[in-house]
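S.K.: Residue numbers (my numbering), protein chains in the order written: chain A, 1 to 598; chain B, 599 to 859.
Because the hints were derived from the structure by calculation, they are not lab data.
A couple of the hints might just be wrong.
[Claimed, not checked] Simulated crosslink set (DSS-like; lysine-lysine; CA at most 30 Å straight-line):
#, chain 1, residue 1, chain 2, residue 2
1, A, Lys-527, B, Lys-656
2, B, Lys-656, B, Lys-751
3, B, Lys-811, B, Lys-656
4, B, Lys-811, A, Lys-76
5, B, Lys-751, B, Lys-619
6, A, Lys-76, A, Lys-40
7, A, Lys-452, A, Lys-40
8, A, Lys-40, A, Lys-370
9, A, Lys-452, A, Lys-370
10, A, Lys-28, A, Lys-76
11, B, Lys-656, A, Lys-370
12, B, Lys-656, A, Lys-452
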Amino acid sequence: MIAEDQLDREALEALQPIHHQPDTFFSKYIWSLDHKVIAKQYLWAGLIFFLVGGTLAMLIRWQWAYPGQPVPLLGKILFRDSGGVIGPAQYMQVFTMHGLIMIFFAVTPILIGAFGNFCIPLQIGARDMAFPWLNALSFWVFALALCLVIGSFFGDLGAAGAGWTTYPPLSTNVGTPGSGQTLMVAAIFVTGVSSIMGGINYVTTVIRLRAPGMTYLRMPLTVWGLFLTAVLNVLFVPVLGSAALLLFLDRVFGTQFYLAGAATQGGGDPILFQHLFWIFGHPEVYILILPAWGIVSDLVAWFSRKPANWYKGSVLSMVAVTALSAVVYGHHMFMTGVNPMLGQGFMILTLIISIPAELLFLNWLRTIWKGSIRLTTPMLFALGMVFVFGLGGLTGLYLGAVAPDFYLHDTMFVVGHFHFTMAAASVMASFAGIYFWFPKMFGRTTSELWGKTHFWFTLLGFLVVFGGQLLAGYSGQHRRLYDPFAYQYVQPLRALNRYTSWAAFALFFGQLAFVWNFFHSLIRGPKAEANPWHVGTLEWSIPSPPPVHNFDHLPIVRRGPHELSDPRVHARLGRDWIGQAEVLPDERDVPATAPARG
Amino acid sequence: MRLTVLAVGPLGIGLPLDASKEGWRIDEMINVTSLFVGVIFAIMIVWMGWSILRHGPKHRADFDHGERRSSWIWTVATAGLIFVVVDGDLLVRTLVSVNRIYWNFDWAERQPDAVRLEINAHQWAWQVRYAGPDGAFNTPDDVVTLNEVVLPKDAPALFQIASTDVIHSFNVPNMRMKVDAVPGTINRMWFTPALLGDYEIGCAQHCGANHYKMQGVLHVVDPAQFRDWLAAASANSLQGYDAQDNSAHWGWSWAENTRMK
Numbered sequence: 001m002i003a004e005d006q007l008d009r010e011a012l013e014a015l016q017p018i019h020h021q022p023d024t025f026f027s028k029y030i031w032s033l034d035h036k037v038i039a040k041q042y043l044w045a046g047l048i049f050f051l052v053g054g055t056l057a058m059l060i061r062w063q064w065a066y067p068g069q070p071v072p073l074l075g076k077i078l079f080r081d082s083g084g085v086i087g088p089a090q091y092m093q094v095f096t097m098h099g100l101i102m103i104f105f106a107v108t109p110i111l112i113g114a115f116g117n118f119c120i121p122l123q124i125g126a127r128d129m130a131f132p133w134l135n136a137l138s139f140w141v142f143a144l145a146l147c148l149v150i151g152s153f154f155g156d157l158g159a160a161g162a163g164w165t166t167y168p169p170l171s172t173n174v175g176t177p178g179s180g181q182t183l184m185v186a187a188i189f190v191t192g193v194s195s196i197m198g199g200i201n202y203v204t205t206v207i208r209l210r211a212p213g214m215t216y217l218r219m220p221l222t223v224w225g226l227f228l229t230a231v232l233n234v235l236f237v238p239v240l241g242s243a244a245l246l247l248f249l250d251r252v253f254g255t256q257f258y259l260a261g262a263a264t265q266g267g268g269d270p271i272l273f274q275h276l277f278w279i280f281g282h283p284e285v286y287i288l289i290l291p292a293w294g295i296v297s298d299l300v301a302w303f304s305r306k307p308a309n310w311y312k313g314s315v316l317s318m319v320a321v322t323a324l325s326a327v328v329y330g331h332h333m334f335m336t337g338v339n340p341m342l343g344q345g346f347m348i349l350t351l352i353i354s355i356p357a358e359l360l361f362l363n364w365l366r367t368i369w370k371g372s373i374r375l376t377t378p379m380l381f382a383l384g385m386v387f388v389f390g391l392g393g394l395t396g397l398y399l400g401a402v403a404p405d406f407y408l409h410d411t412m413f414v415v416g417h418f419h420f421t422m423a424a425a426s427v428m429a430s431f432a433g434i435y436f437w438f439p440k441m442f443g444r445t446t447s448e449l450w451g452k453t454h455f456w457f458t459l460l461g462f463l464v465v466f467g468g469q470l471l472a473g474y475s476g477q478h479r480r481l482y483d484p485f486a487y488q489y490v491q492p493l494r495a496l497n498r499y500t501s502w503a504a505f506a507l508f509f510g511q512l513a514f515v516w517n518f519f520h521s522l523i524r525g526p527k528a529e530a531n532p533w534h535v536g537t538l539e540w541s542i543p544s545p546p547p548v549h550n551f552d553h554l555p556i557v558r559r560g561p562h563e564l565s566d567p568r569v570h571a572r573l574g575r576d577w578i579g580q581a582e583v584l585p586d587e588r589d590v591p592a593t594a595p596a597r598g
Numbered sequence: 599m600r601l602t603v604l605a606v607g608p609l610g611i612g613l614p615l616d617a618s619k620e621g622w623r624i625d626e627m628i629n630v631t632s633l634f635v636g637v638i639f640a641i642m643i644v645w646m647g648w649s650i651l652r653h654g655p656k657h658r659a660d661f662d663h664g665e666r667r668s669s670w671i672w673t674v675a676t677a678g679l680i681f682v683v684v685d686g687d688l689l690v691r692t693l694v695s696v697n698r699i700y701w702n703f704d705w706a707e708r709q710p711d712a713v714r715l716e717i718n719a720h721q722w723a724w725q726v727r728y729a730g731p732d733g734a735f736n737t738p739d740d741v742v743t744l745n746e747v748v749l750p751k752d753a754p755a756l757f758q759i760a761s762t763d764v765i766h767s768f769n770v771p772n773m774r775m776k777v778d779a780v781p782g783t784i785n786r787m788w789f790t791p792a793l794l795g796d797y798e799i800g801c802a803q804h805c806g807a808n809h810y811k812m813q814g815v816l817h818v819v820d821p822a823q824f825r826d827w828l829a830a831a832s833a834n835s836l837q838g839y840d841a842q843d844n845s846a847h848w849g850w851s852w853a854e855n856t857r858m859k
């Protein structure tokens, strides 16, 4: 062992002493400082709101399949005054809350809150986050935002209704009065505070608490994805916060930051909000997809039993996307009367950002080539993510260019495109991660049969539902229409909309396979081994579930995260994998500063 | 009223009838990109299927530490090829068509037969204004309609669009054109109707509960018919003009807004 690493380890261990085990219910489950418990708190919160957001999606799909007909089951409870029929004002609340909940309160807590908390310290070899107290605080601030979201549903004029993009003046009192919208604007601000705190914590942890030998280029790509997401959160969520704060002032204190036009006589600028919103909003797309990219990049390597193709290229691509993410946002605003020069500039930048995404994608394809593919549930979901992300990325081409956007902007084509990327790809990666880390999180094994059933419902569901949206948009159907068939030229699309809705219902009820699998495995699942997947990253070198302090002794890392099928390892250990901190019997000491791989 | 029949495929899928002179460029871009996307997607499916089905657990993974020259050259070359061909095609077509056609307002302004309209959007209707014989907006001979646009065939139609209350988006799918109506701003768009008929106008931007009802109709008529209609409507306007009704005088001076912002 190299003396330098030894010294590093002593210093890092002194920095992260092993504390008392929490012994009260409160310190174990409520105000826990353990990153693994906080990860589970985020996971539970995210899954519950995923159900809420999904239910709202079913109401939208019902309306498109059977406009103006009473909603079965739920209609009697939710729309009692109208005999179970969704009204136009309620409909706009339904799609607004669906979007906001899914993005900020379902996918974000699962991908970033749960996996960020669970994976970062374990995979870089740390005993906890850099700031455990701040970590607990970010969750409980997030929980406060969830309360505001629930409160919004009980607003005096109903929930928020200005669309998830919350464009003013519609989102001011001019267009959407009532406490529901105000509470939702507040919820966005508060969850933003939580994201910034979380982001600072993640960034600090990755920079400061990597185990000795865990160079940046030996980090699992999951950590890279989460790290870059945290960087984006720290940089751009404050912009969203400022946009939301100004909107809050407009709504509550009568300022006119976003008000203009004859009706309001305001001296503000509605487009200012769009700039602020999309400077955040486009990076937000990457905030939601970078962790997914990271997780999938690792999973396809591990379950192909091959090192990831061009690991450094994947890192480089993710860094490039992070750097470019804020300079492409103008493509959301091609129709706002943007200066033509600016519009074309944003178009060129948008097309350029497709290069790193392509590199990453091609790396996945080349990683699975001539591997030894193990079609476990996490791998199926990872491959499914590759598949749906392919569709999402390719359909983005049309929208990145100004001219096709004249026709496609604000149609269901846009809806299909971003659902393939932000919904299908992010959710597939989330499920891949949940199935993959479930044994480590809960110490129990999930059922492969139920997992695979869940996979097929999810993959086919996503393909038909979001594919149907793409086709409807290509045929000209606008988004956010209470009754799309009020337009005569949309009327031929009735059957398409109905079939798509049926697929959506199947997708929704197919998730029951996950619910059953999750709870049954949690209670009855067979006990998990320390390393059921035969993977070499650090979290698999400790028991499932890990002790509160993770590592008795911090590991000294010697190699990259996907050292699989190496003949030298096979000859000496008789298996196709080696731990990142494992030493081969006759391996020479390599200083941590040496090139990471190859 | 029965609208002009629209070209549709199975399940109603397909681009709506293109009734404009310029829209074919957009359709061609969408269709060519679809072709590329289809080919790439097919290759992806075959590649993934082959990798998964051919090399299962029984196959021993080809060891390759992933950092060989070929690893990155293959990736970079393939990505480069896709970028140059697919993105390049879109980029060139868009730059050419946007600069020469869609955002070339100066050219459209110079056409002697160009028709000018002002649109004022509000929840949930489109107010439409023609300058009338005097050529100036906001004067007593202006023709003002609600949710109805009449345009002559084969003449460029230039729109200046604003909104009273919230953001709307003036969308004519059959002309392949839309632009947002933003309070406090005047936006522009233009197209040339090429086929006689009646086409739907929609609002593409969520603007409140009755967003879905914010519809209008575009009648494309013979130039002679258009002249007659405009003259008759203008005479009507002069008769009914009320100088005291400020809310009816929402028009603005055209010239000040024609310069590039």
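S.K.: Compare the distance between the alpha carbons of Lys-656/B and Lys-452/A with 30 Å, and conclude whether the hinted pair is satisfied.
M.R.: Measuring from Cα to Cα gives roughly 20 Å; hence the hint holds.
S.K.: Is Lys-656/B within 30 Å of Lys-370/A, Cα to Cα?
M.R.: Holds. Lys-656/B to Lys-370/A sits at ~11 Å (cutoff 30 Å).
S.K.: Holds or violated: Lys-527/A and Lys-656/B, Cα atoms, limit 30 Å.
M.R.: 27 Å, holds
S.K.: Given the hinted pair Lys-452/A and Lys-370/A, is their alpha-carbon gap at most 30 Å?
M.R.: 23 Å, holds
S.K.: Quick one, are Lys-656/B and Lys-751/B close enough, alpha carbons at most 30 Å?
M.R.: Since the Cα atoms of Lys-656/B and Lys-751/B sit roughly 68 Å apart, the hinted pair is violated (cutoff 30 Å).
S.K.: Given the hinted pair Lys-751/B and Lys-619/B, is their Cα-Cα distance within 30 Å?
M.R.: Given that 30 Å is the threshold and the Cα spacing comes to 10 Å, the pair holds.
S.K.: Holds or violated: Lys-40/A and Lys-370/A, Cα atoms, limit 30 Å.
M.R.: 36 Å, violated
S.K.: For the pair we were handed, Lys-811/B and Lys-76/A, check the Cα-Cα distance against 30 Å.
M.R.: 26 Å, holds
S.K.: So if I understand the rule, the pair passes when the alpha-carbon distance is 30 Å or less; does Lys-28/A with Lys-76/A pass?
M.R.: Judged against 30 Å, a Cα distance of about 40 Å means the pair is violated.
S.K.: Straight-line Cα separation of Lys-811/B and Lys-656/B no greater than 30 Å?
M.R.: Cα-Cα ~60 Å, so violated.
S.K.: Does Lys-40/A sit within 30 Å of Lys-452/A, going by the straight-line distance between their CA atoms?
M.R.: With Cα atoms ~23 Å apart, Lys-452/A and Lys-40/A stay inside 30 Å; holds.
S.K.: Are the Cα positions of Lys-76/A and Lys-40/A separated by 30 Å at most?
M.R.: Given pair Lys-76/A, Lys-40/A is violated - Cα atoms ~34 Å apart, limit 30 Å.
The structure fails to meet hints 2, 3, 6, 8 and 10 from the earlier list, while all remaining hints are met.
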